[in-house]
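Can you make the complete structure from the sequences, with help from the hints?
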Amino acid sequence: MRKEEKTLFRDEVLDAKKEGLLGQCLLIPPLRFKYFTGAIVTFVVVVCVFLCSFDYQRKESVKGYVCPDKGVTKIFSFTPGVFERIHVRNGDRVVKDEPLFSVYSDNYIGESGFVLEGLGATLLQERLNLEKKVAKLEEFRKSEKKRLEDKIASSRDELVHLEDQRKLYLESQDMAEKTQNDYKVLVEKKLISQARYLRYHESYLEKKKQLLKIDQQLLQGRSQLSDYQAELAQIDNSVDQRTADVQHQLHEIDQRILRNQADKRQVIKAPRSGVVTGIQVSEGAPSGLKTPLAAIIPEGSTMQAVIYVPSRAIGFIKPGQSVKLRYEAFPFQRFGLYGGEILDIAKSLYAPNELTHDPLGVQEPVYKVVVQLDQQFVFAYGEKYPLESGILLEADIVLDKRTLWEWLLDPLYSLQGRV
Numbered sequence: 005m006r007k008e009e010k011t012l013f014r015d016e017v018l019d020a021k022k023e024g025l026l027g028q029c030l031l032i033p034p035l036r037f038k039y040f041t042g043a044i045v046t047f048v049v050v051v052c053v054f055l056c057s058f059d060y061q062r063k064e065s066v067k068g069y070v071c072p073d074k075g076v077t078k079i080f081s082f083t084p085g086v087f088e089r090i091h092v093r094n095g096d097r098v099v100k101d102e103p104l105f106s107v108y109s110d111n112y113i114g115e116s117g118f119v120l121e122g123l124g125a126t127l128l129q130e131r132l133n134l135e136k137k138v139a140k141l142e143e144f145r146k147s148e149k150k151r152l153e154d155k156i157a158s159s160r161d162e163l164v165h166l167e168d169q170r171k172l173y174l175e176s177q178d179m180a181e182k183t184q185n186d187y188k189v190l191v192e193k194k195l196i197s198q199a200r201y202l203r204y205h206e207s208y209l210e211k212k213k214q215l216l217k218i219d220q221q222l223l224q225g226r227s228q229l230s231d232y233q234a235e236l237a238q239i240d241n242s243v244d245q246r247t248a249d250v251q252h253q254l255h256e257i258d259q260r261i262l263r264n265q266a267d268k269r270q271v272i273k274a275p276r277s278g279v280v281t282g283i284q285v286s287e288g289a290p291s292g293l294k295t296p297l298a299a300i301i302p303e304g305s306t307m308q309a310v311i312y313v314p315s316r317a318i319g320f321i322k323p324g325q326s327v328k329l330r331y332e333a334f335p336f337q338r339f340g341l342y343g344g345e346i347l348d349i350a351k352s353l354y355a356p357n358e359l360t361h362d363p364l365g366v367q368e369p370v371y372k373v374v375v376q377l378d379q380q381f382v383f384a385y386g387e388k389y390p391l392e393s394g395i396l397l398e399a400d401i402v403l404d405k406r407t408l409w410e411w412l413l414d415p416l417y418s419l420q421g422r423v
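5 is the number of the first residue of the sequence shown in the numbering used here; add one for each residue after it.
Hints are computed from structural coordinates only; laboratory data are not their basis. Take these hints with a grain of salt, some might be off.
Mimicking BS3-like on lysine-lysine, the simulated pairs with C-alpha atoms at most 27 Å apart in a straight line are [unchecked claim]: (1) LYS140 - LYS155; (2) LYS351 - LYS74; (3) LYS63 - LYS322; (4) LYS328 - LYS388; (5) LYS149 - LYS137; (6) LYS74 - LYS372; (7) LYS67 - LYS351; (8) LYS328 - LYS63; (9) LYS67 - LYS78; (10) LYS182 - LYS211; (11) LYS188 - LYS171; (12) LYS217 - LYS182; (13) LYS171 - LYS217.
Shown next, in the form of structure tokens:
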């Protein structure tokens with residue numbers, strides 16, 4: 005057993021000192037303090053529940069546009085001119101190489117580098133010159149044949165005349181030869197002088213010489229007649245050959261004229277099968293080279309959203325994240341927000357001048373992000389309106405989602421991560 009401790013005062017004295025002279029003091033708080041304490045406790049409990057139950061989403065708002073997942077084919081005209089005919093309308097389904105537009109142009113510069121209008125006039129002038137050349141060849145044929153026929157007739161007349169002369173000279177020669185022979189007998193009989201005989205002999209030789217000259221003229225005349233006849237026989241062949249050459253040139257000119265006419269009418273065809281949309285031209289309107297005439301959405305395409313995310317917001321974005329979309333054509337205050345899911349994120353950063361299709365006019369480097377849409381239409385006024393390619397939109401990307409309590413403790417989490 006523990007021994008009792010000895011004190012200076014008795015226990016009764018100590019117990020008497022514990023009580024005051026006036027007895028125990030009781031403090032009774034006012035009633036409003038209870039209500040105030042209860043309100044504070046309730047407020048603290050509500051705040052704790054609010055911080056632990058409700059969450060806060062950190063979002064990034066970016067811009068983008070709607071486009072088909074298989075892309076859009078823009079149709080351009082490479083021929084300045086006037087639209088002669090438009091073969092399709094918005095919403096028509098076309099197949100590859102189906103005619104879309106017909107353009108007529110007088111000033112189109114073809115492969116040869118000549119303006120077609122001037123080229124056509126030049127070709128027509130060349131054709132006219134060739135036709136004149138054919139006509140001149142026919143005139144040459146007629147005039148040359150007439151000239152040769154006249155030459156042949158003249159040669160024949162001259163030959164007839166020479167034949168007549170030859171007969172006369174032949175008779176004269178025979179008579180001179182006979183006279184010479186008679187006088188030769190007389191000379192041998194010494195009935196006449198030798199000198200007289202020589203005169204008749206010279207006369208005979210002269211007649212013979214003239215006859216030889218006429219024979220030579222006849223030979224030359226017959227040769228010339230043969231040349232004329234041969235030339236007359238060849239004139240048709242020669243002119244026909246030259247005419248055939250000109251006709252061949254005419255055929256080539258006609259082919260070039262036809263090609264020139266065909267080049268004036270350019271038919272713009274569909275480069276792929278799909279649905280025609282966004283026709284911006286009408287018949288009779290001039291065609292430009294830089295403005296797209298229409299667009300073709302490939303068959304079986306579904307609409308998706310392409311958004312441009314700046315580098316400051318790309319760090320926490322990943323495929324599968326939800327996106328809330330606001331279409332400019334359908335104000336969200338009246339038609340609500342529409343959902344989507346990130347499908348693909350570009351691995352490289354695009355400078356503004358590197359974007360091939362930028363309807364937004366991006367002014368800073370961005371990442372290209374593809375969003376799969378939850379639905380392909382907008383429900384408005386009791387109807388479904390299909391989403392069209394090119395509709396601009398704003399997208400809210402949820403970067404992080406935490407409770408308010410976690411956001412308050414975020415500095416501690418960050419500090420712990422650094423440690």
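Can you list which hints this structure breaks, lowest number first?
Hints that this structure does not satisfy do not exist here, as all of them hold.
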